[in-house]
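Asks: Chain by chain, the residues:
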Amino acid sequence: MTTTTLARAINDGLRHALSNDPSVLLLGEDIGRLGGVFRVTDGLRADFGADRVVDTPLGEAGIVGTAVGLAMRGYRPVCEIQFDGFVYPAVNQIITQLAKYRHRSDGRIAMPVVIRIPYGGGIGSIEHHSESPEAYFAHTPGLKVVTCATPDDAFTMIGQAISSDDPVIFLEPKRRYWSKGAVTDAPSLGLHRARTVRDGSDLTLVAYGPLVTPALEVARVAEEEGHSVEVIDLRSLAPLDTATVIASVLRTGRLVVAHEASRTHGIGAEIAARVQEEAFYALEAPVLRVTGYDTPYPPSRLEEEWLPGVERMLAAVDRSLAH
Amino acid sequence: MPRTPRTSAKAKDRSSPIQLLTPEGEIVRDNKLPFDPLSADLPALYRDMVMTRRLDTEAIALQRQGELGLWPSLFGQEAAQVGAARALLPNDMVFPTYREHGVAWCRGLDPASLLGLFRGTTLGGWDPADANFNLYTLVIGAQTLHGVGYAMGIVRDLARDLLDTSKGGTGELPAVLVFLGDGALSEGETNEAFIWATTQSLPVVFFCQNNQWAISAPYSVQSTVPVAQRAAGFGLPGVRVDGNDVLACLAATRRALRKARTGGGPTLIEAFTYRRNAHTTADDASRYRESAEEKEWAGKDPIARLHAHLTATGAVEPAFFDEVEAEAKDFAEGLRSRCRALPEPDASLPFEHTYAEMTPELHRQLAHHRAHLASLQETAEHAGDRA
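Here the protein sequences come in this chain order: F and G. Under the numbering used here, the first sequence has 45 at position 45, and the numbering climbs by one with no breaks. Under the numbering used here, the second sequence has 156 at position 156, and the numbering climbs by one with no breaks.
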């Protein structure tokens, strides 16, 4: 067991995959010589060569489109999109091609492609550098969408994503890149399973990616106030591990969902719908959402209050418990 | 013994497309594209074009009869497709648009398998590995990047000693032939494909059939310079050939593929041709173009000029044309019945192929859908009982 940052854990996971499978290669802007703007691919070009850690021209559609072609030739490309807000030029390739190739080929052509995207806010950055685009991808059949919250999961999940025979959107919570944690080699959960990160009996709080850390803080504060909050790290947004969430709600009767992405038509809405379908009579209170607002991401001087944090989550917990 | 071809009258005009077979059926020479006519099997090229046109005609008829939902006709582009396709080696990989029925024919793909997509029985219809002919791509320009990525894979296969050169027998790389139309050149993805291909010197040839119409938009809407000239800005060699001249298309593609296979990098070929039918069977070309233009291009027919050449030179017996015609007629009859016999897809198909393994939610949705279908069946049977 070693202690490392989340960024370093992904680097280790990529190194592991490159070492073990010669069909794995990395594609992206500035990922080679520079090691990526967040240094996630630091040192990999030196060790695996420019043919496997490819500094691409500046074109996101080109990165994903060529990954589709490489997959057809038997490769397992891992693409890096430099920032969340820059993925949109690639969306045509992701939605019309990458997500559909298995289906349109009657199952003959697999697309083992990973698209890594640093996402979310909280780092004081400029426009287009703090977005949470997960719902667009989670709404697209054929794609899988996952996100890690800890270095341990980052290491394990990047390896699982690369091994997947389906395309995976791999969302990296950029404000947690420098968070340290233990990385183990212990067998982990499947890529598409949620994890209960704190047991509780009064209320279920579901979060993922950057909000798992504040959700745990919420549970700690609530405990001081005499409330037992169960925290679930969703980990996989498509497919959703609804079984874990529903089992929890059947026990607690209360649910709060938190995400940075804007509210309407978001992941929280889908979870609320599933829970009312399958745990309707167990609910003691309406399902509440704590999310980013339905606005474009604000200037960074406003982001601390705009983002859902401990205070807004605690307020939602109180509202739920008041029922 | 064929006469030494005279030099084309057009050869001196730099922007006019290279021509090796005139509309009158005369083989001419152009120093920009050296070509030995003896290296081409002219009767076989003629047969390919006739069969391709018959496939197209028959598919249009099937659409009119309600057997196909839609058909994008290649009428007028037979020479471009057959010429390009006959330059390929078996190991080369083809990335078509949705109109490359003639290329599919030359690759040996079962022509009936082309119909499923347009009949609505499948979204694909064949295994791309069978004839190294990828599935049709409907999103304009998207396939250009797939071809380039595939070529990146070939280069890396070579570096990993994965290429079995003994099978190809040439000791050369396989190459990738990407098809695109004039409209696709306005898509950003096509421009990115050119950038990737040139900066990495990839074994890929872009074959652009400039049929001058992107549905209702004439080429002047897309650009003010010829396709081949646009290549220069990318550092991509551009060649402009008469797309209704099967020999010019064959010669240019052969040369470009050979260059690609020997590490010489990509080429863009513009085959200047004409889409003689509407965009698809759902389109009405009379709303946006003049019939005089259509008449003009009818006079440049790609099959007629090879017919004229074969007749004038006596390269084939007169019976040859009748034999090809008879073969095409038989083929068309077979295609009709095979279209109607295409298997209907099972309702579970989309659920099974969305992911490598069905998710729990998809299992649930499929069970729900099956129950729904069963209830429809039951309702229908009840209605039958009452009747």
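These are computed hints drawn from the structure, not numbers from a lab. All values derive from a computational prediction rather than experimental measurement. One thing to keep in mind: the hints can contain errors.
Ranges between beta-carbon positions, derived for each pair [unchecked claim]:
id : chain 1 : residue 1 : chain 2 : residue 2 : range
1  : G       : Gly264    : F       : Asp165    : 33 to 41 Å
2  : F       : Asp165    : G       : Glu327    : 38 to 46 Å
3  : F       : Arg33     : G       : Glu357    : 54 to 62 Å
4  : F       : His128    : G       : Val221    : 27 to 35 Å
5  : F       : Val91     : G       : Ser220    : 38 to 46 Å
Virtual Cβ for every residue (Gly too), placed ideally from N, Cα, C.
Asks: Each hint should be assessed against the structure and marked as holding or not.
Replies: Hints, one by one, checked against the model:
| no. | hint | verdict |
| --- | --- | --- |
| 1 | G:Gly264 - F:Asp165: 33 to 41 Å | 35 Å, holds |
| 2 | F:Asp165 - G:Glu327: 38 to 46 Å | 43 Å, holds |
| 3 | F:Arg33 - G:Glu357: 54 to 62 Å | 39 Å, violated |
| 4 | F:His128 - G:Val221: 27 to 35 Å | 31 Å, holds |
| 5 | F:Val91 - G:Ser220: 38 to 46 Å | 30 Å, violated |
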